[in-house]
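2 protein chains.
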Amino acid sequence: MPYRAPLGDFRYILDHVVGFDQVTATDRFAEATADTVEAVLAEAGKLCETVLAPLQRPGDQHPARLENGVVRTSPGFAEGYRAIVEGGWVSIAADPEFGGMGLPMTVTSAVNEMMGSACLSLQLNPLMTQGQIEALEHHASDEMKALYIPKLVSGEWCGTMNLTEPQAGSDVGALRTKAEPKGDGSYAITGQKIYISWADNDFTANICHLVLARLPDGAPGTKGISLFMVPKFLPDADGNPGARNSLAVVSLEHKMGLHGSPTAVMQYDGATGWLVGEPHKGMAAMFTMMNNARLGVGVQGISVAEGAYQHALAHAMERRQGKTPVPGAETIAAHADVRRMLAEMKAQTFAARAIALACAVAIDMGNATGSAEWKARAALLTPIAKAFGTDTGIEVASLGLQVHGGMGFIEETGAAQYLRDVRVTAIYEGTNGIQAMDLVGRKMMDGGEAAFRLIEEVEQNAHSVRGAYPNMATAVWNAAESLREATEWLVAQEMNDRFAGAVPYLRAFALVLGAHCHLKAAMAEGEDGPRTRLARIAVKRLLPAHGGLIQQMREGASGLYALSDGDLAA
Amino acid sequence: MPYRAPLGDFRYILDHVVGFDQVTATDRFAEATADTVEAVLAEAGKLCETVLAPLQRPGDQHPARLENGVVRTSPGFAEGYRAIVEGGWVSIAADPEFGGMGLPMTVTSAVNEMMGSACLSLQLNPLMTQGQIEALEHHASDEMKALYIPKLVSGEWCGTMNLTEPQAGSDVGALRTKAEPKGDGSYAITGQKIYISWADNDFTANICHLVLARLPDGAPGTKGISLFMVPKFLPDADGNPGARNSLAVVSLEHKMGLHGSPTAVMQYDGATGWLVGEPHKGMAAMFTMMNNARLGVGVQGISVAEGAYQHALAHAMERRQGKTPVPGAETIAAHADVRRMLAEMKAQTFAARAIALACAVAIDMGNATGSAEWKARAALLTPIAKAFGTDTGIEVASLGLQVHGGMGFIEETGAAQYLRDVRVTAIYEGTNGIQAMDLVGRKMMDGGEAAFRLIEEVEQNAHSVRGAYPNMATAVWNAAESLREATEWLVAQEMNDRFAGAVPYLRAFALVLGAHCHLKAAMAEGEDGPRTRLARIAVKRLLPAHGGLIQQMREGASGLYALSDGDLAA
Chain A
1 MPYRAPLGDF
11 RYILDHVVGF
21 DQVTATDRFA
31 EATADTVEAV
41 LAEAGKLCET
51 VLAPLQRPGD
61 QHPARLENGV
71 VRTSPGFAEG
81 YRAIVEGGWV
91 SIAADPEFGG
101 MGLPMTVTSA
111 VNEMMGSACL
121 SLQLNPLMTQ
131 GQIEALEHHA
141 SDEMKALYIP
151 KLVSGEWCGT
161 MNLTEPQAGS
171 DVGALRTKAE
181 PKGDGSYAIT
191 GQKIYISWAD
201 NDFTANICHL
211 VLARLPDGAP
221 GTKGISLFMV
231 PKFLPDADGN
241 PGARNSLAVV
251 SLEHKMGLHG
261 SPTAVMQYDG
271 ATGWLVGEPH
281 KGMAAMFTMM
291 NNARLGVGVQ
301 GISVAEGAYQ
311 HALAHAMERR
321 QGKTPVPGAE
331 TIAAHADVRR
341 MLAEMKAQTF
351 AARAIALACA
361 VAIDMGNATG
371 SAEWKARAAL
381 LTPIAKAFGT
391 DTGIEVASLG
401 LQVHGGMGFI
411 EETGAAQYLR
421 DVRVTAIYEG
431 TNGIQAMDLV
441 GRKMMDGGEA
451 AFRLIEEVEQ
461 NAHSVRGAYP
471 NMATAVWNAA
481 ESLREATEWL
491 VAQEMNDRFA
501 GAVPYLRAFA
511 LVLGAHCHLK
521 AAMAEGEDGP
531 RTRLARIAVK
541 RLLPAHGGLI
551 QQMREGASGL
561 YALSDGDLAA
Chain B
1 MPYRAPLGDF
11 RYILDHVVGF
21 DQVTATDRFA
31 EATADTVEAV
41 LAEAGKLCET
51 VLAPLQRPGD
61 QHPARLENGV
71 VRTSPGFAEG
81 YRAIVEGGWV
91 SIAADPEFGG
101 MGLPMTVTSA
111 VNEMMGSACL
121 SLQLNPLMTQ
131 GQIEALEHHA
141 SDEMKALYIP
151 KLVSGEWCGT
161 MNLTEPQAGS
171 DVGALRTKAE
181 PKGDGSYAIT
191 GQKIYISWAD
201 NDFTANICHL
211 VLARLPDGAP
221 GTKGISLFMV
231 PKFLPDADGN
241 PGARNSLAVV
251 SLEHKMGLHG
261 SPTAVMQYDG
271 ATGWLVGEPH
281 KGMAAMFTMM
291 NNARLGVGVQ
301 GISVAEGAYQ
311 HALAHAMERR
321 QGKTPVPGAE
331 TIAAHADVRR
341 MLAEMKAQTF
351 AARAIALACA
361 VAIDMGNATG
371 SAEWKARAAL
381 LTPIAKAFGT
391 DTGIEVASLG
401 LQVHGGMGFI
411 EETGAAQYLR
421 DVRVTAIYEG
431 TNGIQAMDLV
441 GRKMMDGGEA
451 AFRLIEEVEQ
461 NAHSVRGAYP
471 NMATAVWNAA
481 ESLREATEWL
491 VAQEMNDRFA
501 GAVPYLRAFA
511 LVLGAHCHLK
521 AAMAEGEDGP
531 RTRLARIAVK
541 RLLPAHGGLI
551 QQMREGASGL
561 YALSDGDLAA
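In the order they appear, the protein sequences are chains A and B.
Take 1 as the starting number for the first sequence in full-length UniProt numbering and just add one per residue.
Take 1 as the starting number for the second sequence in full-length UniProt numbering and just add one per residue.
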């Protein structure tokens with residue numbers, strides 16, 4: 001499955017859609033000049049095209065496996081990992097003090113997207129490490145930072161997140177893993193964690209587990225949870241991997257996809273760990289990691305959308321079936337329904353990518369300037385980027401399979417793998433339902449202020465181009481206005497009525513933002529460019545779903561509960 | 001994965017939604033009394049619950065395999081097949097003259113749905129045989145009928161369809177398989193066929209391949225295609241399996257799902273075959289088989305929707321995560337977003353089932369009365385039932401996986417299998433894009449007459465209950481009216497503009513029909529019943545997508561082609 005890095009789209013979106021120049025204008029990211037970013041993306045793109053893309057199929061066909069307690073990774077993954085760390089791609093955003101590049105999250109997101117298109121299973125490994133580096137930068141002691149971050153940045157060691165337990169999934173507060181003080185500043189961690197991505201491998205010298213556990217005096221629920229660093233090998237006096245810690249991979253899951261990524265059940269039997277941040281403040285620390293991981297997972301969805309699109313397009317441009325309506329055009333890409341699928345795949349992928357990069361810009365601006373407005377923008381966009389990015393991955397991969405016809409269902413073709421791999425992204429790092437509840441709940445605790453500010457920008461922008469693009473501008477403005485009214489309705493509701501409409505609301509919001517990003521792309525290009533033509537697809541074929549979604553949202557919860565448990569089981 | 005046959009829903013839909021009493025009132029189906037149908041469904045349901053459902057997981061975990069040219073089926077499949085044929089479930093609709101039950105297609109569809117919920121991979125085998133029996137009843141000589149049909153009806157032998165070749169998928173007319181007259185009334189068939197479901201097995205004494213091939217004087221394209229019966233073993237003078245025919249299973253495909261169903265590449269090397277029907281009229285004969293197979297595949301989608309729904313509901317009614325908004329309710333089914341998913345899954349499954357059974361009733365009425373109106377109704381509903389049924393299967397299975405959270409991605413849970421199995425149903429028997437093109441093309445060659453007649457019924461029905469159900473009736477009437485206008489627009493367009501909007505149009509049509517069926521169910525029940533509460537979900541949460549779909553349809557083809565090949569590849 002050849003992959004071509006979409007460098008042109010990144011450049012265009014950064015320059016004309018998401019205002020990356022604002023990031024470069026800050027002191028913190030002054031070094032992220034256009035030339036630097038271009039060079040970084042080109043270099044990362046080359047790695048993805050040549051080294052990582054060939055690992056996609058072997059990862060699926062030869063899953064990671066557990067042998068005598070040790071994880072053996074898929075063929076080529078060790079070499080692929082080495083190439084990633086040698087390029088410095090784990091640590092683009094990390095603090096230069098620890099060896100990172102100190103580049104913006106926006107650039108990280110673009111690089112992550114390319115790595116995920118090329119080989120999603122392997123990309124998940126550095127994605128976890130990136131989150132861990134960030135959590136440590138924010139919450140660890142100086143000593144812990146000095147010990148761990150350089151090793152994570154260099155890729156010698158890698159990181160994992162340990163939240164879930166069998167009885168504690170979306171309800172993290174139900175976790176039972178215990179942390180007992182050992183009296184020497186360390187803690188004995190005991191418990192079982194499940195769904196641990198990349199819990200072990202055979203290519204890093206150590207594996208650093210960030211584990212949520214409860215101290216003896218920890219309250220029940222999320223307020224009594226603390227965060228611990230629990231390395232596979234305890235660092236010795238020189239900071240090198242020393243004694244083996246009391247933790248073990250119990251088993252690996254047999255998953256629908258993402259076979260190259262080992263997903264483990266982990267057992268901690270009085271394993272030695274060290275507190276990260278304050279006691280009982282583990283959730284807050286974990287959220288630092290999780291928020292960026294949520295954007296990272298949204299980007300994974302876009303990775304797969306791009307990969308599946310390129311794969312389907314290549315097939316459609318080659319396969320011949322029947323007479324097409326276009327003189328001289330003989331491939332199925334010239335059939336209207338196939339062209340519809342391809343056009344919608346491309347338009348939706350562009351929209352999801354632009355939203356994710358807008359979210360990354362907001363994160364960068366929040367970090368660089370401390371601005372509360374930018375932070376609120378980032379917080380608002382994160383669940384949208386996560387849920388819409390991953391839903392887009394699933395939908396585009398499914399369309400890609402459909403474009404292949406019967407061949408799509410045959411594994412050798414590769415189309416099915418995209419769909420199998422990406423399906424979990426709508427679940428992990430908080431299901432897309434949880435994202436939507438976050439959007440209408442926590443992210444609307446400002447009374448909708450951040451949302452209204454963003455919608456206002458969308459409307460102003462549409463208004464400003466109503467002369468040049470009357471149809472598109474009107475459609476976007478109208479949809480934004482209906483979203484504004486819907487948001488006003490939403491913030492006036494009880495929480496459970498909001499939750500009942502959360503998923504359609506998030507989708508409607510994403511469609512408006514996606515159309516807005518397309519419109520901005522069109523504006524920069526003029527009336528007769530490829531991005532303008534693609535924008536018309538987005539505005540005329542994707543955006544219209546908006547109205548029905550808002551209608552669903554306005555139904556509230558009562559009808560759902562009118563349907564009794566007995567009704568559901570009837 | 002326990003499965004409970006939805007006998008109550010079948011009974012209710014037959015009695016109150018699709019007018020099955022009209023079928024029973026005909027001479028041909030006079031024996032299909034309410035008691036008989038009830039007994040048949042209960043008996044088939046019991047088989048599905050107890051014998052077939054336990055085969056679902058083994059079929060996935062131990063795929064059919066090819067050993068020295070012979071297909072070895074999944075553990076238990078031979079016994080399951082025997083139980084199906086002993087119950088007479090292959091041949092419910094077959095002519096009693098040949099040993100069939102002579103029951104309506106409506107009853108067959110309900111039985112097929114249950115078998116597909118229990119074990120889709122195995123159910124595909126009798127589904128193919130059913131289609132073959134029907135094709136032979138309509139097109140074979142009396143001699144061929146007498147030789148083959150009783151064996152197919154009894155299940156001693158089974159049947160397959162051989163259409164596709166590597167270069168001839170959706171474009172069947174491009175096939176190259178040749179048929180040379182041997183001078184003794186038989187033909188030598190030579191060529192390769194792909195994607196042959198249940199091409200071989202280890203539990204029937206013979207396998208009857210219906211093969212499309214071209215006679216020496218056959219014109220290019222679909223007009224030069226003839227249909228041949230090519231059995232694995234040539235029947236001897238007594239009609240028993242004799243000499244081995246020159247055909248072979250070359251390989252089995254490695255598929256995303258449906259592992260229990262062997263999908264083969266077949267090689268015919270001068271294999272002996274006999275013409276079925278007239279020379280060069282193979283496509284027409286195949287369409288007899290294919291039209292009912294299309295309904296049958298739509299029903300497969302509903303099978304999986306029902307199975308996945310029951311599976312997800314059982315999980316949601318057991319799993320506890322977090323405090324719910326409902327006092328006393330502790331499972332995740334009480335969370336609004338989970339309840340939304342469950343409610344929508346159930347409402348959409350009901351709608352798809354009602355549409356499929358309405359299609360079956362139309363087929364039965366056409367067969368029993370010869371009425372052109374009923375035949376047109378059946379022809380109109382077939383692509384809708386196929387595409388909407390299978391899309392529903394995919395969507396509901398995906399929601400079912402989502403309801404499971406992280407467990408959904410783990411194969412042992414079983415949720416992923418539903419999604420993997422059902423994905424192909426949107427592709428085989430004509431992709432859902434082909435179905436939509438059939439709807440807006442061939443099925444509108446009457447100027448939309450059959451569609452307008454159906455829409456008129458929907459409007460009249462809604463109008464008649466505007467007093468009792470003002471909100472639902474108004475919503476259904478308005479949507480039907482917008483569908484009528486959309487249909488008027490559609491039939492006035494060039495064919496390729498229709499094709500560009502075919503998929504959203506079919507979906508919009510299905511949503512209106514689904515809401516109509518829900519409204520009829522509500523009407524028969526009164527204001528305060530479970531089906532009325534479910535109808536409100538359908539009308540308020542599913543139907544609203546209708547408007548956006550019609551908008552997409554009205555875009556026509558020009559925007560798609562404005563996007564050049566270069567734009568798509570940019």
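Any given hint could be a false lead.
Identical copies look the same in the list; a pair holds intra-copy or inter-copy alike.
Said to hold, decoys possible - Below, a list of computed lysine-lysine pairs in the DSSO-like style, where the Cα atoms sit at most 27 Å apart:
#1 Lys223 / Lys443
#2 Lys281 / Lys443
#3 Lys281 / Lys46
#4 Lys540 / Lys178
#5 Lys323 / Lys178
#6 Lys540 / Lys281
#7 Lys182 / Lys46
#8 Lys145 / Lys323
#9 Lys443 / Lys323
#10 Lys540 / Lys223
#11 Lys375 / Lys323
#12 Lys178 / Lys443
#13 Lys223 / Lys323
#14 Lys182 / Lys323
#15 Lys46 / Lys323
#16 Lys281 / Lys323
#17 Lys540 / Lys145
#18 Lys540 / Lys375
#19 Lys375 / Lys182
#20 Lys145 / Lys223
#21 Lys443 / Lys182
#22 Lys178 / Lys375
#23 Lys145 / Lys182
#24 Lys46 / Lys223
Keep in mind that the hints were calculated from the coordinates and are not lab data.
Each hint, compared with the structure:
| no. | hint | verdict |
| --- | --- | --- |
| 1 | Lys223 / Lys443 | within (20 Å within a copy, 62 Å between copies) |
| 2 | Lys281 / Lys443 | within (20 Å within a copy, 64 Å between copies) |
| 3 | Lys281 / Lys46 | neither (41 Å within a copy, 55 Å between copies) |
| 4 | Lys540 / Lys178 | neither (54 Å within a copy, 47 Å between copies) |
| 5 | Lys323 / Lys178 | between (67 Å within a copy, 22 Å between copies) |
| 6 | Lys540 / Lys281 | neither (47 Å within a copy, 43 Å between copies) |
| 7 | Lys182 / Lys46 | neither (49 Å within a copy, 60 Å between copies) |
| 8 | Lys145 / Lys323 | neither (64 Å within a copy, 37 Å between copies) |
| 9 | Lys443 / Lys323 | between (52 Å within a copy, 20 Å between copies) |
| 10 | Lys540 / Lys223 | neither (47 Å within a copy, 39 Å between copies) |
| 11 | Lys375 / Lys323 | neither (54 Å within a copy, 29 Å between copies) |
| 12 | Lys178 / Lys443 | neither (31 Å within a copy, 66 Å between copies) |
| 13 | Lys223 / Lys323 | between (65 Å within a copy, 15 Å between copies) |
| 14 | Lys182 / Lys323 | neither (76 Å within a copy, 34 Å between copies) |
| 15 | Lys46 / Lys323 | neither (38 Å within a copy, 49 Å between copies) |
| 16 | Lys281 / Lys323 | between (65 Å within a copy, 21 Å between copies) |
| 17 | Lys540 / Lys145 | neither (51 Å within a copy, 54 Å between copies) |
| 18 | Lys540 / Lys375 | neither (32 Å within a copy, 36 Å between copies) |
| 19 | Lys375 / Lys182 | neither (39 Å within a copy, 80 Å between copies) |
| 20 | Lys145 / Lys223 | within (25 Å within a copy, 75 Å between copies) |
| 21 | Lys443 / Lys182 | neither (39 Å within a copy, 77 Å between copies) |
| 22 | Lys178 / Lys375 | neither (34 Å within a copy, 69 Å between copies) |
| 23 | Lys145 / Lys182 | within (22 Å within a copy, 84 Å between copies) |
| 24 | Lys46 / Lys223 | neither (45 Å within a copy, 51 Å between copies) |
Hints 3, 4, 6, 7, 8, 10, 11, 12, 14, 15, 17, 18, 19, 21, 22, 24 from the list above are not met by this structure, while the remaining hints are.
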